[in-house]
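**Student:** Chains as they are written, first to last, in my numbering: chain R, 1 to 484; chain V, 1001 to 1364.
Hints are computed from structural coordinates only; laboratory data are not their basis. No false leads were mixed into what you were given.
Derived DMTMM-like pairs: lysine to aspartate or glutamate, alpha-carbon spacing no greater than 25 angstroms straight-line:
id, chain 1, residue 1, chain 2, residue 2
1, R, Lys27, R, Asp64
2, R, Lys58, R, Asp2
3, R, Lys358, R, Asp335
4, R, Lys358, R, Glu392
5, V, Lys1257, V, Asp1218
6, R, Lys156, V, Asp1062
7, R, Lys350, V, Glu1057
8, R, Lys58, R, Asp173
9, R, Lys156, V, Glu1180
10, R, Lys350, V, Asp1062
11, R, Lys27, R, Asp335
12, R, Lys156, R, Glu314
Just a sample of chain R residues kept apart from chain V, beta carbon distances all over 12 angstroms, derived:
id, residue
13, Val6
14, Arg62
15, Pro124
16, Glu228
17, Asn357
18, Gly389
19, Glu465
Partial pick of chain R residues on the chain V-facing surface, computed with a CB cut under 8 angstroms:
id, residue
20, Glu147
21, Ala182
22, Leu184
23, Ile285
24, Arg345
25, Asn376
26, Gly409
27, Gly417
28, Phe445
Backbone N, C-alpha and C fix where the C-beta goes; we use that ideal spot for every residue, glycine too.
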Amino acid sequence: MDRSIVLQLLAAQLPADGLITDAAGLKPYETDGLTALREVPWAVALPETEAQVRDLLKICARHDVPVVARGAGTGLSGGARPIAQGIVLGLSRMRQILSIDPVSATARLQPGVRNLAISEAAAPHGLYYAPDPSSQIACSIGGNVAENAGGVHCLKYGLTVNNVLGLRVLTMDGELLELGGATLDDPGYDLLALMCGSEGMLGVVTEVTVRLLPTPPQRAVLLVAFAELAEAADAVSQIINIGIIPAGLEMMDQLAISAAENFVHAGYPLDAAAILLCELDGDEIELAESIRLVSDVLQQAGATQVRVARDPLEQQQFWAGRKNAFPAVGQLGPDYYCMDGTIPRAALSKVLTTIANKAASYGLRVANVFHAGDGNLHPLILYDANVPGQLEDAEALGDEILRLCVAVGGTVTGEHGVGLEKLNPMCSQFSSAELEQFFRVKAAFDPQELLNPGKGIPTLQRCSELGGMHVHGGHVPFKNLPRF
Amino acid sequence: MLGHDNNDAPRLQAMVVQACAEQQPLRVVGQASKARWLPPMSDAAQMLSVSEHVGIEHYAPDELVVTVRAGTPLAQLRSVLAAQQQMLAFDPPEFDQLGTVGGAVASGLAGPARPWRGGVRDAVLGVELLNGMGERLSFGGQVMKNVAGYDLSRLQVGACGTLGVLLSVSLRLAPLPMVEATHRTSLASEPDAYAWLRRFAVGSLPVTALSFEPSLPDAPCYVRLSGPAAVVAAASVDLGPRVSDADLYWCSLRDQKHEFFGASEQMQELWRVSVPFGAADLALPYPTLVEWGGALRWVQLPHEHDPRELLTRVQTLGGHARRFGGGQGLGPIVPAAGQAVLQRLQAAFDSQHILNPGLDVHAN
Ligand SMILES: Cc1cc2nc3c(=O)[nH]c(=O)nc-3n(C[C@H](O)[C@H](O)[C@H](O)COP(=O)(O)OP(=O)(O)OC[C@H]3O[C@@H](n4cnc5c(N)ncnc54)[C@H](O)[C@@H]3O)c2cc1C
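Please take these sequences and the hints and turn them into a complete structure.
**Tutor:** As structure tokens, this is what we get:
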């Protein structure tokens, strides 16, 4: 394919500064939040309207040019990493809030709207958008849909998929799919759910309708310390057993606690083996009742300390430690590698102990930050890329951790997506027939395989090459495929 | 303790494999509780009943998750959950006291709490299925957060079995509310009943069901509140008298046992109308029953009336309507876009087009 012809065709559809082709301009687009992976694309196109997106896609489809959609580039699995000889379709200029409708409590958004901007715009109506990834000041709603992003409040209020009502999506050949709307159900196949978490491989999201929720009248944040990790894990189940779903329920282990404490002075107890942060919300009566019930349970579960934040300032302070846990852990060593497995909560003690043992055998340290309510674990593996072999060790440890997650009945990625990063661990989670089913679904939307190719789903050949090492569900995978 | 248990998957798989090889159409059914809402079965189709594939494979109350075989009766699952003070948040209907877990997921229908506790899609965490080629596949899992691979489990919701025969599903559960109370009030003198409903539906009160029967003389409205006792008590001020047999009432809506649904099928057709919160009165002279705080409206349309008037009105309100019952199919009237994609998607799961052929879930 002739690069210059394609670029000319694309430029003709875009505003004067809408196509970046120079080396310096392309630089920021070489990578996403997973900065270890880089690639220079042919060009970055920055459309401003849905019609432009459609025209660009049609040109690329006609000329067999791969396309990678990109929101804010905060993804942590390489989903938005460019393809060589392909274009990046940046949606950052489509950032209008098209409408906020307080009557139906919905918002209509262009895909580049920042997550936090939605809640800011809805606030005057007493409403907000619930999913709140830690990257919310930067990440885009289109990227949230593509990754089915979660946040600390998704235990009670759900993930992106539970809060999106409608989508406009363009397939690779430029066909518009209007999915859902402002109503609560829609006839036909649930393509809306399918789009959530599809990592930009099935279509480009050009508009999102989300539901808004009334801002809770009041909140309380509890900081709870435990002398044993297992006690903290059990306490989470016990809270849920009394019938209360906290708005947020987060756990950190000792290394994460001390890192966060050094970094933001959140007031965390340094002698605790684990802390829980528990946010409750509701009106005054509900809140008082919930605090009482939850505190009782926590005391019984062996908490060594239960502190209810005195005021919004202290609430913020308690949360600041958790929300800054990644950069805080980053201070502990030159590099860290963030994992994202999900496990059934019952397996938590076992998984954390195994992780600690495995880490020790590699001579690496791991800090654990945990969306405790929903079992989503973020082990942060500390390493030094300048020490030969440490990056490889960190990756190998990460791989072992993810396979452990699968073995206990969990998954290799809870919210960060597969992208390029977790292609290998996917082989341990899915059989060849399942992977082939994924490919057939992909082909139904994108028969030419041009939209974010090579991401999300590992090829059978890749898995078979790994097959010697990985065992799926007690069986050697791909028995019938030749070994290489 | 967990009731009848039988693994019928090997037989089901063998049947699908054979049907695929012979291009034999299959009619997938649970207990056929929704049969009268589906088009009549063609003679060519062979019955594939999932009703013997029953039992609870895994129940972890602490994790708020259950994995159930598709043929398990909803009633059985409900009682097992209730014993642990838990429930299916989407509260699926049991038409004619029947209904299986697989049928509930495949039809995608949710009960009176839908706007507040979520729909079927929100509860589905994973599925095990047979695709139309007879391959036994698992997607999703037992954990709430899971973005590994495309979400092919939620895609089964509402697909009416055309994308696979469900073998088992993992569902997220909700704790039973500590206290629940339903109050009955009249909106007869309310100048704008729909605005009133909306304020309740999207306000911060602990509402979990909200219905309105404008066709009755005193235009009653039922509000269900759920939560800790003190919260429910505080919220119920000014909401009229408390209803004593409230569970019966909500089940009568959910399962279509309410008088409203009893109207003779010879005389009228039941239409299901889905509109945004706060949508105005349909302003049509037909018996209407409102659920979901205004977002769901049932309309009894006399046979001789042209449905286009209703459709136009619904579309101007930003919603959609479909005929429900009368053997006319569950399909919508409004055509979905992207027909080619939908057809390819169906073929991706069922290359020989043997799963419930003739059941078009998209078009009327
Ligand atoms: C510090 C930090 C904290 C984070 N915390 C969280 C967290 O708490 N929870 C969480 O879930 N994630 C978290 N993330 C990950 C990331 O922010 C989310 O995955 C986010 O949803 C990505 O949005 P984005 O706009 O940056 O997308 P990008 O990184 O630009 O793209 C991500 C993927 O989406 C696709 N995509 C983007 N826009 C579109 C579109 N319009 N149509 C189709 N496909 C599209 C891309 O092709 C790519 O595959 C965090 C990241 C960082 C750096």
